[in-house]
Amino acid sequence: MPNRVISFAGQHLAIDFPRNLTELIAFLYHDNCSDLRAVPDVTLVVTDDDGQLMLSRGSTVLYKGAEPSELATSLIQQTIYHLIDNNKDGMALHAAALSRDGKAVIFPGASGSGKTSLSTWLATRGFNYLTDEYVFIKKNSNVIQAFMRPPNVKVSGLAALRGVFKLDEHEHSTIQGKHVAMIPPRLLNPGNKPENAEIKLIVFPKYVQAAPFKLQRLSKAKAGLSLMACLVNARNLSGHGFDEAARLVRNTPAYDLQYSSFEQFGTQLERILPT
Amino acid sequence: MPSNDVPVPSTEFSLEQLDNELLLYHPAKTLTVYMNETASLVWQLCDGKRTVSEIVRQLQVAYPEAAGDMQSDVEQALAIFSEHGAITFC
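Heads up: the sequence lines are chains A and B, in that order. The first sequence begins at 16 in the numbering used here and counts up one residue at a time. The second sequence begins at 40 in the numbering used here and counts up one residue at a time.
Chain A with its partners taken away, still in its complex shape (with noise of 0.2 Å):
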């Protein structure tokens, strides 16, 4: 059985596989990358029994059924909590991440604030994507490492993104599911690549239906508020991390951003992201 070793952020976790899911694995990690010699924490077992999919650890089954697309998610969510779970030596952020010339913008915010929606269409006016879900950050560090992992767009994000990319002209470079369709970074930009990238500045992203556009400067205890929430490590880290996020929130400018649609932006947001 074929395996393979991701690594992020100090930590290593290592997949078996099928070889017929080569073509999957790859898809999912062609990003990420893999320390050889690192003698993995966990491993995650894919197994295929006349197209009936199964994920599991040790003796837990985490997936059981028959759709490619839905493997592929589970995988991808275990992925990233194994790597960050027990993760000791900085901040992980549920955050998306973008970046330009080393200098990074992170949005960080709960599921369904619209962060992939947003790091998507900025990926596709020339901003390196990073990642639509988490990132890290070193202790005394300002440097982001991002999970990259092909954007997990909602069917109803990929109406927004109609005017910049056309899923139907991709259907045999993505992964289309009944909810949501990962579509590679380069179909997005062609010259997107990893990066370890210096947070230059956050914006907290709130998708609202037919809301209006708002974009407001937050004072640095209101970022800290915000950004607190976003933390999903604390319990590993000295004091929750708090010191942590105030030196952030303190050397970094950070917006609340409300939007429903992206002809609002306008060149406001552009105005501010790093250039």
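By construction, these hints were calculated from the structure, which means they are not laboratory data. Even for Gly, the Cβ is constructed at its ideal location relative to N, Cα and C. Careful: at least some of the hints might be erroneous.
[Said to hold, decoys possible] Here are the simulated BS3-like cross-link-like pairs (lysine-lysine), alpha carbons at most 27 Å apart as the crow flies: (1) Lys181(A) with Lys103(A); (2) Lys193(A) with Lys118(A); (3) Lys181(A) with Lys208(A); (4) Lys221(A) with Lys169(A); (5) Lys153(A) with Lys68(B); (6) Lys153(A) with Lys215(A); (7) Lys103(A) with Lys68(B); (8) Lys208(A) with Lys169(A); (9) Lys153(A) with Lys169(A); (10) Lys118(A) with Lys237(A); (11) Lys237(A) with Lys68(B); (12) Lys154(A) with Lys68(B).
[Claimed, not checked] Computed list of chain B residues with no C-beta within reach of chain A, every gap over 10 Å: (13) Asn43; (14) Ser92; (15) Ala101; (16) Asp108.
For chain A, the structure is supplied; the task is to place chain B on it using the hints.
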């Protein structure tokens, strides 16, 4: 709120001063509390010795232009601190 009460700050919160505002964090409750500029000033005067009326008076002297609203501003801030367990009264 009795004006002779003494607000006593909890020692279980970590504190970060960010410009003129404050963030408090309670690790056991995983609770983050935001304090605006006024609340931040009130918090800094909660030393476990000053009474509510002394805090009001001190801020009225420092900010005479806002003296009229100070009583209610201080009481409002203390009520929020108390609600989050950041202070107790003795």
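Q: Against the earlier hints, flag every one the structure doesn't satisfy and list their numbers going up.
A: As far as the earlier hints go, 1, 2 and 9 are violated by this structure, in ascending order.
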